[in-house]
Amino acid sequence: MGSSESTKLREELLFVYGSLKRGFNLHHLLAGAEFVQDALTLPRYRLFDCGEYPALVPSPDHGYSIAGEVYRVTLEQLRILDEAEGVEEGLYTRSQVQLLGRLSERYVHGYEYLKSIHGLKECRGRWPS
38 MGSSESTKLR EELLFVYGSL KRGFNLHHLL AGAEFVQDAL TLPRYRLFDC
88 GEYPALVPSP DHGYSIAGEV YRVTLEQLRI LDEAEGVEEG LYTRSQVQLL
138 GRLSERYVHG YEYLKSIHGL KECRGRWPS
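The letter at position 9 of the sequence shown is residue 46 when you use the numbering used here, and the numbering goes up by one with no holes.
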């Protein structure tokens, strides 16, 4: 297996819906990542405004589709993003996000918010709303 094939095997898909999107303050963390496409989740999530960033939470029975972007990232980029998103501190967890369309059968990573959403303004399907 050549080095480019080996690199491809270590690449993952990542759905971003907030401050990691193009034009927002943390997008620079995706430098070198390949933009794949704009995307919508299955209608199984809710989105809340935390001010500087949004909070995606699963809501299988009362959710809606969330708009975002999909990138192809390396495992090293995921490690850096986990740190930036506060995974170790329990702010977010990285899990599978289910998308509509051609990526519906693929495993796509995304960040789900773990803290309380009490008192947060709901954004509906896009941040900022």
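Don't take each hint at face value.
[To be verified] Pairwise CB distance ranges, derived in the manner of DEER restraints: (1) H155 / G69: 35 to 41 Å; (2) H65 / H99: 30 to 36 Å; (3) R139 / R161: 32 to 38 Å; (4) P97 / K152: 15 to 21 Å; (5) P95 / N62: 34 to 40 Å; (6) L151 / F61: 19 to 25 Å; (7) R109 / L137: 27 to 33 Å.
None of these hints come from the bench; they were simulated from the model. Bear in mind that the values here come from a model prediction, so they are computed numbers and not experimental data. Quick reminder that beta carbons are idealized off the backbone N, C-alpha and C, glycines included.
Hints and how they fare:
1. H155 / G69: 35 to 41 Å: holds (38 Å)
2. H65 / H99: 30 to 36 Å: holds (34 Å)
3. R139 / R161: 32 to 38 Å: violated (24 Å)
4. P97 / K152: 15 to 21 Å: holds (20 Å)
5. P95 / N62: 34 to 40 Å: violated (25 Å)
6. L151 / F61: 19 to 25 Å: holds (21 Å)
7. R109 / L137: 27 to 33 Å: violated (18 Å)
The structure shown violates the earlier hints numbered 3, 5, 7.
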